[in-house]
Amino acid sequence: MSNHRSKVFRDAIHGLISIDDDRELLLELINTPEFQRLRRIRQLGVSSLTYPNAEHTRFAHSLGVLHIVSRILNTLRLRYAGTPQIASRLNGNEARKVKVAALLHDLGHGPFSHVIERAFSSTKAHEDRSKRMIGDPSSSIPGVLHKHGFTDGEIKETRDLLDYHDHPFLHDMISSSLDADRMDYLLRDSHFTGVKYGSFDLEWIVNSFCLGRDPGPESRDRLRLCLDHKRGQYAAEQLIMARTHMTMQVYGHGITRLWEAQLLMLFHEAATLAARGELPPETPAHVRRYFCERGEVDHATFLLFDEPSLIATLALWSVSGRSSPMLKDFSESFLNRRKILRLKQIEPPSRNPDEIVQIKRRLEERLGPEKEQWILDSNPFNPYKAPDEELQTKDPESYWEGISRNAILLSDGDIHRDAVPIQTNSLLFKSIGSAKMPLTRVFYRAERDAEITEILTPATVSA
Amino acid sequence: MSDSFIPLLQFFVTTGEVVGRKKCQKMIHILQECGHDFGFDFKLALYGAYSSALQAQLEDFVNYEYITEQPAATEVAGYRTSTFSASDRGKTVLEKLKENREPSWKALAVFLNEQNTRDLEAASTILYLQKEDITDRELQEKFRRLKPHLVGIFDKGKALADRLRGGSRATA
Chain A
1 MSNHRSKVFR DAIHGLISID DDRELLLELI NTPEFQRLRR IRQLGVSSLT YPNAEHTRFA
61 HSLGVLHIVS RILNTLRLRY AGTPQIASRL NGNEARKVKV AALLHDLGHG PFSHVIERAF
121 SSTKAHEDRS KRMIGDPSSS IPGVLHKHGF TDGEIKETRD LLDYHDHPFL HDMISSSLDA
181 DRMDYLLRDS HFTGVKYGSF DLEWIVNSFC LGRDPGPESR DRLRLCLDHK RGQYAAEQLI
241 MARTHMTMQV YGHGITRLWE AQLLMLFHEA ATLAARGELP PETPAHVRRY FCERGEVDHA
301 TFLLFDEPSL IATLALWSVS GRSSPMLKDF SESFLNRRKI LRLKQIEPPS RNPDEIVQIK
361 RRLEERLGPE KEQWILDSNP FNPYKAPDEE LQTKDPESYW EGISRNAILL SDGDIHRDAV
421 PIQTNSLLFK SIGSAKMPLT RVFYRAERDA EITEILTPAT VSA
Chain B
1001 MSDSFIPLLQ FFVTTGEVVG RKKCQKMIHI LQECGHDFGF DFKLALYGAY SSALQAQLED
1061 FVNYEYITEQ PAATEVAGYR TSTFSASDRG KTVLEKLKEN REPSWKALAV FLNEQNTRDL
1121 EAASTILYLQ KEDITDRELQ EKFRRLKPHL VGIFDKGKAL ADRLRGGSRA TA
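Residue numbers (our numbering), protein chains in the order written: chain A, 1 to 463; chain B, 1001 to 1172.
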């Protein structure tokens, strides 16, 4: 007689997240200091200053990604139970690696994730640190993996899954235009910001997954994760609209970006002071090290460097008699949400890319280097990155490469037939094309308002 | 985007003519691997190192007429491929920005442009894979799995990658 109670997490998005297969392995990974640290990194960084409920963490998100990947694997197992060469990839060792990679994909995020990524060149890509942490002997992850029978080669394969896999459909679940990461963060962020139109029909998408051959001439022997052509199209359309709206309303929200700009300027000041040995003496050792080394810190320092410790440091800086005036003012105003920066939107389409460069030049000439008095935030958003149809005749190799990398694919589930890019069937995707939504703003210290207005006046920038 | 504008425009003015988006991708990836930052993030996938931001900026450059695209002008490995060159407008913009001096990476860009796309693709993939701790055998095995169509030129690509890495060390 068995009496087995499964391990479940209650989750605001998915209801119950149950860890059954590979339970011991996954729970031990969840219980590492590396993964527990994600409880102390919020998913949306400074967004809670704009959307008060956006306090959810990368810990919950990572469990959500594991959950969705497990469900995709289940859908495919049922669909391809009678196809041994596929079924074998969806079970046992391969599935285990996919789930581990899904669970651990965000380990490398720093506090205020995307702000710290923009702060220093060594922190540019959290994925690189996530990958390192999966194999690095000073991290507890490889120890857990070895204990559960992973060979060194399998650990490397798990790490590489974040980049690619010989069987690309396994990688597609973790990183593609329709991956578990994106599906979880959209639903989670939509729920916790209260922005309802960020939602979409996850159940139907998960139920629609199947496989098909990559349509690119060079990669036709590779199987890709696709949506069933009779089921998935409309749900995918809803997802792309959700992503667009979330980007325009939440991720690219002007005031959110303003607080991000303030933190970037603050980090710049901290790094400048650190280089001169002038950080206030109250600064905790690991935070001091992080700024001295501009993010290139060892594993132990990285583990300590989380949002609570950084926020506590801002509190110390905000009252320290040894802070520089900027460090003190920016820390205090951030903690109390007292806005000291202003925002000006640079309105396209009147501005060509070279005009933006000229504006940046003029800002540097008049107000000094970026991040001291001002930040130019130019970050156009591309809802769907697959190439336009016309590229197929102009530069076919590049067209197929773009399709292979970025398109959402539809298939009838036959693994011997080519998948088609969704824009072939979907009017909505065809209309979106590769359109870009411009998001260009200048954030600056309020006292420079007159100069900024002058610099941004079109007459002064056109040559 | 604004940070990569000047180096990318310099790239086209410097090289005169580049055949195909793929070659642009590989050349700029290799230039970055050799320490010349153009501001692009490259990811590895089916076809090797690739930057979506660079691809989007190439389209922008064509649309805003900083560069001229001659569609399907040249044949590379069985595909008709576009040819790109800096337009008069592109050159004027660079002059106006007072950035028409020779970039430090000019000789390297010219050298890369003389290589064929397939060799650059092999070298770029090898340089990317070598960012991780990897033995020669693992490198060869990964390359074979990622780039079955380029297995025949692995040694050539490896020699090119070694030469590029050596060169970047010598100038560093």
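Honestly, the hints are just simulated from the structure, not real lab data. There may be inaccurate statements among the hints.
[What the hints assert, rightly or not] Covered by chain B, per the in silico footprint, the following chain A stretches (three or more residues, Cβ under 8 Å):
#1 356-363
#2 389-401
[Unchecked claim] Here are the simulated distance ranges between beta carbons:
#3 1152/B with 152/A: 21 to 31 Å
#4 1085/B with 152/A: 47 to 57 Å
#5 1156/B with 342/A: 27 to 37 Å
#6 1076/B with 366/A: 45 to 55 Å
#7 1110/B with 366/A: 15 to 25 Å
#8 85/A with 1052/B: 27 to 37 Å
#9 152/A with 1076/B: 47 to 57 Å
#10 147/A with 1152/B: 34 to 44 Å
#11 418/A with 1152/B: 23 to 33 Å
#12 338/A with 1016/B: 34 to 44 Å
#13 1107/B with 393/A: 29 to 39 Å
#14 1110/B with 152/A: 17 to 27 Å
Backbone N, C-alpha and C fix where the C-beta goes; we use that ideal spot for every residue, glycine too.
Hint numbers the structure violates, sorted upward?
Result: hints 5, 7, 9, 12, 14 break, sorted rising.
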